[in-house]
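Asks: Letter by letter, the chains look like this.
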Amino acid sequence: MTGLARPNGQAIFALVLLVLNTVYASQIFKLGVPFDNGVEPGASFLPIVLCAVLYLAAGRIVIGELRAGRSAEAPSAHAKSDHVPAIGITGPLVIAILTMGFAAGLERVGYILAAGAYTFAVALYFNYEESGRPLRTILVAAITAALITGFGWLFFVKLFDLYLPTWSY
Amino acid sequence: MLDLLGGFSTLFTLWPFLYLIGGFMLGLFFGAIPGLTATLAIALLLPFTFGMEVTNALVMVMGIYMAGIYAGSITGITLNIPGAPSGAITSIDGHALMKKGEGAQALSLDAFASSVGGMIGALILMLLAQPIGALALYFRTPEKFSLVLLAVVTVTIVSRGSLWKAIIAMTLGLMISTVGIDPMVPKGRFDFGSYHLIEGIGLLPAVIGLFAICELLVQATIPARNAMGVAVADMPRLRHRDFIPDFRIVREIGAWLYIKSSIIGVLIGMLPGGGASMASFIAYAEAKRTAKKPEEFGQGSHEGLAASESANNAMCGGAIIPLLTLGIPGDAVTAIIFGVFLIHGLVPGPGLLTQHTATIAPMFAALFVASAFVMISVIAFGPFYLRQARINRGVLYGFIGLISMAGVYASSFSGFQMWMALAIGIFAFALRRFGYPAVPMLMGVILGPYLEKFLRGSMIVSQGDPLIFVTSPFSLMFLVMTAVFIWLLRLRPGVRP
Numbered sequence: 001m002t003g004l005a006r007p008n009g010q011a012i013f014a015l016v017l018l019v020l021n022t023v024y025a026s027q028i029f030k031l032g033v034p035f036d037n038g039v040e041p042g043a044s045f046l047p048i049v050l051c052a053v054l055y056l057a058a059g060r061i062v063i064g065e066l067r068a069g070r071s072a073e074a075p076s077a078h079a080k081s082d083h084v085p086a087i088g089i090t091g092p093l094v095i096a097i098l099t100m101g102f103a104a105g106l107e108r109v110g111y112i113l114a115a116g117a118y119t120f121a122v123a124l125y126f127n128y129e130e131s132g133r134p135l136r137t138i139l140v141a142a143i144t145a146a147l148i149t150g151f152g153w154l155f156f157v158k159l160f161d162l163y164l165p166t167w168s169y
Numbered sequence: 001m002l003d004l005l006g007g008f009s010t011l012f013t014l015w016p017f018l019y020l021i022g023g024f025m026l027g028l029f030f031g032a033i034p035g036l037t038a039t040l041a042i043a044l045l046l047p048f049t050f051g052m053e054v055t056n057a058l059v060m061v062m063g064i065y066m067a068g069i070y071a072g073s074i075t076g077i078t079l080n081i082p083g084a085p086s087g088a089i090t091s092i093d094g095h096a097l098m099k100k101g102e103g104a105q106a107l108s109l110d111a112f113a114s115s116v117g118g119m120i121g122a123l124i125l126m127l128l129a130q131p132i133g134a135l136a137l138y139f140r141t142p143e144k145f146s147l148v149l150l151a152v153v154t155v156t157i158v159s160r161g162s163l164w165k166a167i168i169a170m171t172l173g174l175m176i177s178t179v180g181i182d183p184m185v186p187k188g189r190f191d192f193g194s195y196h197l198i199e200g201i202g203l204l205p206a207v208i209g210l211f212a213i214c215e216l217l218v219q220a221t222i223p224a225r226n227a228m229g230v231a232v233a234d235m236p237r238l239r240h241r242d243f244i245p246d247f248r249i250v251r252e253i254g255a256w257l258y259i260k261s262s263i264i265g266v267l268i269g270m271l272p273g274g275g276a277s278m279a280s281f282i283a284y285a286e287a288k289r290t291a292k293k294p295e296e297f298g299q300g301s302h303e304g305l306a307a308s309e310s311a312n313n314a315m316c317g318g319a320i321i322p323l324l325t326l327g328i329p330g331d332a333v334t335a336i337i338f339g340v341f342l343i344h345g346l347v348p349g350p351g352l353l354t355q356h357t358a359t360i361a362p363m364f365a366a367l368f369v370a371s372a373f374v375m376i377s378v379i380a381f382g383p384f385y386l387r388q389a390r391i392n393r394g395v396l397y398g399f400i401g402l403i404s405m406a407g408v409y410a411s412s413f414s415g416f417q418m419w420m421a422l423a424i425g426i427f428a429f430a431l432r433r434f435g436y437p438a439v440p441m442l443m444g445v446i447l448g449p450y451l452e453k454f455l456r457g458s459m460i461v462s463q464g465d466p467l468i469f470v471t472s473p474f475s476l477m478f479l480v481m482t483a484v485f486i487w488l489l490r491l492r493p494g495v496r497p
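Order-wise, the sequence lines are chains A and B.
Position 68 of the first sequence, counting from 1, maps to 68 under this note's numbering, and the rest follow consecutively.
Position 138 of the second sequence, counting from 1, maps to 138 under this note's numbering, and the rest follow consecutively.
No wet-lab data here; the hints were simulated from the structure.
The structure displayed is predicted, hence computed values, not measured ones.
C-beta atoms are modelled at their ideal positions from N, C-alpha and C, and glycine is treated no differently.
Heads up, a few of these hints could be off.
To be verified - Pairs of lysine-lysine, PhoX-like flavour, derived with a Cα cap of 25 Å: (1) B:293 <-> B:99; (2) B:260 <-> B:288; (3) B:453 <-> B:260; (4) B:260 <-> B:293; (5) A:30 <-> B:453; (6) A:30 <-> B:187.
What the hints assert, rightly or not - Just the calculated beta-carbon pair ranges, DEER-fashion: (7) B:12 <-> A:107: 27 to 33 Å; (8) B:198 <-> A:20: 38 to 44 Å; (9) B:464 <-> A:52: 15 to 21 Å; (10) B:131 <-> A:108: 53 to 59 Å; (11) B:435 <-> A:100: 42 to 48 Å; (12) A:35 <-> B:486: 55 to 61 Å; (13) A:166 <-> B:491: 35 to 41 Å; (14) B:192 <-> A:38: 25 to 31 Å; (15) A:80 <-> B:242: 37 to 43 Å; (16) B:491 <-> A:49: 17 to 23 Å; (17) B:186 <-> A:12: 24 to 30 Å; (18) A:139 <-> B:226: 23 to 29 Å.
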């Protein structure tokens, strides 16, 4: 053992979990004492146990990583894409932002526009990553968007009688 | 048993049968594409079940389950890329046979073994479900707590990789389950002043986030050329008749191997956290131990292929038993099936079978009939299986993204739940990136309310005396089983730390 090394990705993520655990723990005080009538577990009993377990387990990972002396991350296991730079970060970031856009737009612009734009953009990303040809990709993505949006509407609204918002203005 | 056999007559009416076929096709499709699983298919189906009759929903889920577990081995055999973890062991000998030019026979023997295993699993389910359900009626709150604790502990310790990470994943799931109204007193917990959070975090956003959104994000990190494997042009051209099994080989394998492996599959399926991968691995190891030519295992052994595939499909029947009779889901798929029941106002557990026989019986029949479909499907679609891995990824993931998000909205009428699914998906992606398993987290979300309710209920009955958990024979038995599993799976010398 050579002492503690600089925190790596694993240790930092475990620290993030510890912070989230502390945010969770901050609410426990509102729930009263862990044992009602001195003996029966109350509303705060299980949360206290869970917090303690998470502090222990995440703390164990942080200390283990620091003691292991892995100051740098292992080389990334992600393969490189021919057309999307740093796909390991760019890919999920693009998809997460697109999905947030869909969630934000669904009630405002209605299903057809939100779903059409979302599926077009997702198909555009995956097809461009595969072929790298913008024109062909746009065409394929447009067809994909029309088909999937129509399919979703038919299934949710027509077949299963569920509600999806339409244009609200 | 006779009541349950009545399910066949309901199943063979128009709509349930069409739903079974639809579910089966969906399961085949998802199971055979690397990265997609039966779990994801059932998760995507969950929002649609709001608009279905409960029997149709359950029948469809059984079709997906059986086909999805089977289809995990298809690309395992053809491309050496298992479509699902359950196909990993089958691909060892299956792909070796493929390389020897016996790919079609490997696929047909694989389907035959899946059919046999699935049918045996379904029959054992029909035989055991009612007796175990009747026994479970005697379980009181302490027994139920010990049983849920057994499931929580076992699911955690059987997870691959770091035990600490599995513990964290389970704890996070249990924490999510504590958000909302307290199960014993009408008091909000962890709502952070938001009226949305007082309702708690629903099962649907948790399932969609953990399995669909997370998978979408993971796939966005994988270049297309890595996701698709070998080009279709490199595959031999096969005809439908090539996929009829050679019964000379089936006789050589022997009926006992199919039966033994299927029983192993059912038993593993009944254990919380067991799952298809473990079933196929243990049956494979047992077949190798008793084989006349163990040296052929790994080099294209028909026995190895048959053992692993019989076991993982028989597991389906086994996994349903504790779900229906005890209310304990053992893996991710049965956890989502648990959600299907809850959506329709049915609570899995003691009493479900006796009170809702007519609703549940077609589900058992569907599992049996779906097993027969497996054999038919390989003859009908065998030549097309090879092309599944070439499906356009833009279409596939555009579809998954839209159905997931719109599905949560349509079934909950809540934009908040949609955001919650996305948040859980992004969080699950980060967890997966750092090697934390998703299944214990989902199990924590599902089992958390029961764990807490039964614990506090028992302690109220005993006036705070924890000895209540060891004075009941069944409760003590479950606690001893928990300790034994911890010893066998984690502490015993020679077991990975």
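Asks: Give a verdict on every hint.
Replies: We went through each hint and held it up to the structure:
Taking the CA atoms of residue 293 of chain B and residue 99 of chain B, the gap is about 20 Å. The hint holds against a cut of 25 Å. Restraint check: the Cα-Cα separation between residue 260 of chain B and residue 288 of chain B comes to about 13 Å, which is no more than 25 Å; the hinted pair holds. With a C-alpha separation of about 39 Å, the suggested pairing of residue 453 of chain B with residue 260 of chain B is violated against the 25 Å cut-off. Distance restraint check for residue 260 of chain B and residue 293 of chain B: the Cα-Cα separation of roughly 18 Å lies within the 25 Å cut-off, and the hinted pair is therefore satisfied.
Taken as a hint, the residue 30 of chain A and residue 453 of chain B pair is honoured in the structure, with Cα atoms around 20 Å apart against an allowance of 25 Å. A hinted pair counts as satisfied when its Cα atoms are at most 25 Å apart, and residue 30 of chain A with residue 187 of chain B qualifies at roughly 10 Å. Residue 12 of chain B and residue 107 of chain A have their C-beta atoms about 43 Å apart, which leaves the hinted 27 to 33 Å range violated. In this structure the supplied range 38 to 44 Å is violated for residue 198 of chain B paired with residue 20 of chain A, their Cβ-Cβ distance being about 20 Å.
The hint said 15 to 21 Å for the Cβ distance between residue 464 of chain B and residue 52 of chain A, and at roughly 20 Å that hint holds. In this structure the hint that residue 131 of chain B and residue 108 of chain A lie 53 to 59 Å apart at CB holds, the actual value being about 55 Å. A hinted range of 42 to 48 Å for the beta carbons of residue 435 of chain B and residue 100 of chain A is inconsistent with their spacing of about 26 Å. Between residue 35 of chain A and residue 486 of chain B the beta carbons are some 27 Å apart, a value that contradicts the proposed interval 55 to 61 Å.
Taking the beta carbon of each, residue 166 of chain A and residue 491 of chain B are about 59 Å apart, not inside 35 to 41 Å as hinted. At roughly 29 Å, the beta-carbon separation of residue 192 of chain B and residue 38 of chain A lies within the given 25 to 31 Å, and the hint holds. A C-beta distance of roughly 38 Å is found between residue 80 of chain A and residue 242 of chain B, which places it inside the suggested range of 37 to 43 Å. The hinted range of 17 to 23 Å is satisfied by residue 491 of chain B and residue 49 of chain A, whose Cβ atoms lie roughly 22 Å apart.
Between residue 186 of chain B and residue 12 of chain A the beta carbon distance is about 40 Å. The supplied range of 24 to 30 Å is therefore violated. Checking the proposed 23 to 29 Å range against residue 139 of chain A and residue 226 of chain B shows it holds: the Cβ atoms sit about 25 Å from each other.
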